[in-house]
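Trainee: Got chain A; can you put chain B on it based on the hints?
Chains as they are written, first to last, in this note's numbering: chain A, 1 to 397; chain B, 1 to 397.
The set of hints was computed from the structure by calculation and includes no laboratory data. Don't take each hint at face value.
Ranges between beta-carbon positions, derived for each pair [what the hints assert, rightly or not]:
(1) B/Arg59 <-> A/Gly350: 21 to 29 Å
(2) B/Arg59 <-> A/Lys146: 50 to 58 Å
(3) A/Ala228 <-> B/Val385: 47 to 55 Å
(4) A/Leu22 <-> B/Thr75: 26 to 34 Å
Covered stretches of chain B, as calculated for chain A (at least 3 residues, CB under 8 Å) [stated by the list, open to error]:
(5) 58–72
(6) 184–198
(7) 255–266
(8) 295–304
(9) 342–353
Capping the alpha-carbon separation at 25 Å, the derived lysine to aspartate or glutamate pairs in DMTMM-like fashion look like this [as the list claims (entries may be wrong)]:
(10) B/Lys333 <-> A/Glu337
(11) A/Lys320 <-> B/Glu288
(12) A/Lys333 <-> B/Glu32
(13) B/Lys269 <-> A/Glu321
(14) B/Lys378 <-> A/Glu321
(15) B/Lys342 <-> A/Glu321
(16) A/Lys333 <-> B/Glu288
We treat Cβ as the ideally placed atom computed from N, Cα and C, and that holds for glycine.
Number of protein chains: 2
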Amino acid sequence: MEATLNMIYDTVIIRFSGELWLKKVWTRKQYEKRLARNLKQTLKHHQVSYNELVRRHGRFYLKTDSAVDAAQTLTKVFGISSVSPAIEVSPNLDEVIEKSLFLAGSLLKEGDRFAVQCKRVGKQGYSSADVRKLLGQRVLDEFGEKLDVSVDLGSPDVVLGVEVRDEQAFVYSQTIDAAGGMPLGVQPKLVGLLSGGTDSAVGLWLVMKRGSPVVPVYFDNSPFTDDAATERALNVAKVLFEWAVGFPRRVYVVQHGENLKQIMETHRKYSCLLCKRMMYRVAERLAEQYRAEGIVTGEAIGEQASQTLTNLRVLSASVKEYPVHRPLLGFDKAETEAIARKIGTYEISGTKAASCGAVPYQPSTKAKLEDVLRAEEKLDIEAMVERSLESIKIIEL
Amino acid sequence: MEATLNMIYDTVIIRFSGELWLKKVWTRKQYEKRLARNLKQTLKHHQVSYNELVRRHGRFYLKTDSAVDAAQTLTKVFGISSVSPAIEVSPNLDEVIEKSLFLAGSLLKEGDRFAVQCKRVGKQGYSSADVRKLLGQRVLDEFGEKLDVSVDLGSPDVVLGVEVRDEQAFVYSQTIDAAGGMPLGVQPKLVGLLSGGTDSAVGLWLVMKRGSPVVPVYFDNSPFTDDAATERALNVAKVLFEWAVGFPRRVYVVQHGENLKQIMETHRKYSCLLCKRMMYRVAERLAEQYRAEGIVTGEAIGEQASQTLTNLRVLSASVKEYPVHRPLLGFDKAETEAIARKIGTYEISGTKAASCGAVPYQPSTKAKLEDVLRAEEKLDIEAMVERSLESIKIIEL
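Isolated chain A, as found in the complex:
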């Protein structure tokens, strides 16, 4: 089926994300350049061949013999709202109708209900309504009895779309939603705390969606967790990297178990906060090293004991030079999970791995910064940060 459709189509219509239209012309031009580069890299990475990528009529058109595969592949490029595999045709009405009928013949099945849509820009001597009316009638003439098809504008099985733009026209059927956002790379980097769980994956993905490449850092808490936890995090990273083709595919793994052991010996009730403050400090040093502009985490207000607003303040206070960005602050768990399903990380994050054995039975929900600072006095924080940085293994995925 897909092979056949690949043969029918010769173009992918690529529609820009609404975000790009909010920018001034100069900025948008820059963004489009970046977008074109990301689109090409993604096609190359997936070995989808194409002839050219054309910018016209406020869109990109990809000329390719693998339009169905290309369209599916490109839905993971940030900065576009949707894609459609299409057939290019001259704006001559007869030709538009003929090609549309050809497409209809390839798609319609016994008993299907169909609808015709048309958008038109330029002077062609016919209106959008003309196209809808004529094409609708011709489809009924041709397939009405043969396949028992009928018109249904409300919930059609097959949509026949026609787009006429000055001296070009396109006929298509599917409009596949993409993720929107801005082209990856139009914003500076962020260092992202990646745990392998649902939340951090979505938090990192959301800033990527807004154009920021993420440097993912995983803190290996063994012996308080197991190898499955590390593997899970790396698998999540792999999925995130599918949304960032053309950017580094490196995960920074920090050996954090020894830190955690020392923390547990110091203050049981605050151990999660002390642990996270340590993670933030290491992330801050990495931000400095890799010229990132901040840290991003998957924390949501009140989701865990360490994430009450009181405790988030205590956590943020551990980094002085960089902001901690938390795109999930206002999300309910179900909302985060819905995005994780869309990204493709949900199932991986749900795989079995030991949860952290260092979490106390009654973690503090209202820690006082002065108490936390006092607890930290017993630790050689600077040495711990240095050792953590030295322990880093860079995993290329």
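Mentor: For chain B alone, kept in the frame of chain A given last:
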């Protein structure tokens, strides 16, 4: 219609938000207490009378003669997922069927398609499937010919719902979605920067949804804006307060025009950053004064020149003791607007008001902190903050 339905129903089924079930029992009990208080205050505020609010079977049941009005009113209370006006009945099967038929008779119109749903907990000697089958048949017997109604499980016009819980049963039709989240007040306060525009309203609402009461601060930029801008912000605040019944309805209005004038004389390219850094500082002082745990804004990555990650870092650096929370970081404009429509602020934020006349033609998108700090050296920051605080008018809405 509503008056009639109010007379039919005697109960509102109030279903807890999924968030509450993620909490340990002790925490959930606390949250439920707060939720009960918020529900009661909201009913009182809207002068909807009721007899009692009962906690049972992991839900709240409101006993009232104004069930339709009450249900609608309660959709603006955070911490519940949905509500249904209902009729309470004994779990005796005959009585369940009889009351359901009575409800069906009140709701079904000529040609309607209906579906029956049933959930059951406890021992009643009949199954959920029995209820669905029997009730479906009885509705067809009674109304099939008379009103030409038919069964449609896929997209029914009328749903007949039956919920059997041990010694009680409820019949209902509508399930009205609520906002989810956590009961307002289970988290500490945040100081919220409210501009009257779409984004800040949604940003503040999102942290409220997670349980944090917001202290809204509006910066009056006149003469660089007009009175319509102030009025718009106050109108937005009024809508937000509808989601926070029982909490203070105060907006803190800061006279910011003089600050802005001085800033414009200092550094044109950075004026938006200097302006916002000043706002943050005033907000920080208010957080201190009103025991809030941080600041919340409507900033999204890259939406405006001042919101690039580089510039957000420069902004965050102006507050040292409190975190700046930005729940919209990962949102596209269209996503923010969708929430604004749901909240009820979208139209107000779209009303005409002068946009800030102090925005430069080419604002910096990659400010360096040291340059910004140098620009600020020419300003008496401390005096500006003090004057801003002294200028505050508290508006009770």
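Trainee: All hints, please: hold or fail.
Mentor: Checked hints:
1. The beta-carbon spacing between B/Arg59 and A/Gly350, approximately 28 Å, falls within the hinted interval of 21 to 29 Å.
2. Between B/Arg59 and A/Lys146, the C-beta spacing of about 55 Å keeps the proposed range 50 to 58 Å intact.
3. For the hinted restraint 47 to 55 Å between A/Ala228 and B/Val385, the CB-CB distance of approximately 52 Å keeps it satisfied.
4. Range check, A/Leu22 to B/Thr75: about 31 Å between beta-carbon atoms, so the 26 to 34 Å window is met.
5. Counting residues of the region 58–72 of chain B whose beta carbon lies closer than 8 Å to any beta carbon of chain A gives 0, which falls short of the minimum of three for the stated coverage.
6. Chain A is given as covering the region 184–198 of chain B, and this holds because 4 residues of the stretch bring a CB closer than 8 Å to a CB of that chain, at least three being needed.
7. Under a criterion of three residues with beta carbons nearer than 8 Å to beta carbons of chain A, the stated coverage of the region 255–266 of chain B fails, only 0 such residues being counted.
8. With 4 residues having a Cβ less than 8 Å from any Cβ of chain A, the region 295–304 of chain B passes the three-residue criterion, so the hint holds.
9. Evaluation of the coverage hint for the region 342–353 of chain B: breached, as 0 residues show C-beta separations to chain A shorter than 8 Å, against a requirement of three.
10. Distance restraint check for B/Lys333 and A/Glu337: the Cα-Cα separation of roughly 21 Å lies within the 25 Å cut-off, and the hinted pair is therefore satisfied.
11. Straight-line distance between C-alpha atoms of A/Lys320 and B/Glu288 comes to about 19 Å, which keeps the hinted pair within the 25 Å bound.
12. With a C-alpha separation of about 18 Å, the suggested pair A/Lys333 and B/Glu32 falls inside the 25 Å cut-off, and the hint holds.
13. Between the alpha carbons of B/Lys269 and A/Glu321 the distance comes to roughly 23 Å, so the proposed pair stays at or under 25 Å and holds.
14. Our distance criterion of 25 Å between C-alpha atoms is met by B/Lys378 and A/Glu321, whose separation comes to about 23 Å.
15. Between B/Lys342 and A/Glu321 the CA atoms are separated by roughly 37 Å; this puts the pair beyond 25 Å, and the hint is violated.
16. A distance of roughly 31 Å separates the Cα atoms of A/Lys333 and B/Glu288; the hinted pair therefore is violated under the 25 Å criterion.
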